[in-house]
Amino acid sequence: MSMTVLAVDDSRTMRDMIRMALLPAGFTVHVAEDGLDGLDVLEGLEPDAIITDINMPRMDGFGFIDAVRAQDDHRATPILVLTTESAPELKMRARNAGATGWIVKPFDPAKLIKALQMVAG
-18 MSMTVLAVDD
-8 SRTMRDMIRM
2 ALLPAGFTVH
12 VAEDGLDGLD
22 VLEGLEPDAI
32 ITDINMPRMD
42 GFGFIDAVRA
52 QDDHRATPIL
62 VLTTESAPEL
72 KMRARNAGAT
82 GWIVKPFDPA
92 KLIKALQMVA
102 G
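Letter by letter, the sequence shown follows residues -18 to 102 in the numbering used here.
Rather than coming from a laboratory, the hints here were simulated on the basis of the structure. Heads up, some of the hints might be wrong.
[Claimed, not checked] Quick list of simulated restraints, FRET-style, between CB atoms: (1) Glu70 x Leu4: 31 to 41 Å; (2) Arg39 x Glu66: 17 to 27 Å; (3) Glu70 x Ala6: 30 to 40 Å; (4) Lys86 x Pro5: 31 to 41 Å.
[As the list claims (entries may be wrong)] When the alpha-carbon atoms are kept at most 27 Å apart in a straight line, the in silico DSSO-like pairs for lysine-lysine are as follows: (5) Lys95 x Lys72; (6) Lys72 x Lys86; (7) Lys72 x Lys92.
Here a beta-carbon is modelled for each residue, glycine too, at the ideal position from N, C-alpha and C.
Modelling step: build the complete structure from the supplied sequences, incorporating the hints.
Okay, structure coming up:
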């Protein structure tokens, strides 16, 4: 099953790691370097799932999730937060903003693929 994913992270290394984890599994991966860039890339895109970091310049992950959820087209698109943060209050805040799941970096590629298939399948 081919899935399209938008990955938003200000770290080029992390974007490359996500791409390398997902491409061999048959995913189409679009990347953006922060929330504002993510909203630009999202225009005209129908991703099966979105992956976002929390700590980013210009627009952080919370602002990005809010902005995505405000769009009718993407109200139900699964959003996975991929971050070094693991504080319960941040997870709560992300869930309240509309995040579907939370994965802590460094991530296990197999777990990331499984999580994406679960939320978007």
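- Task: Could you check the structure against the hints above and give me the numbers of any it violates, in ascending order?
- Result: Violated hint: only 4; rest satisfied.
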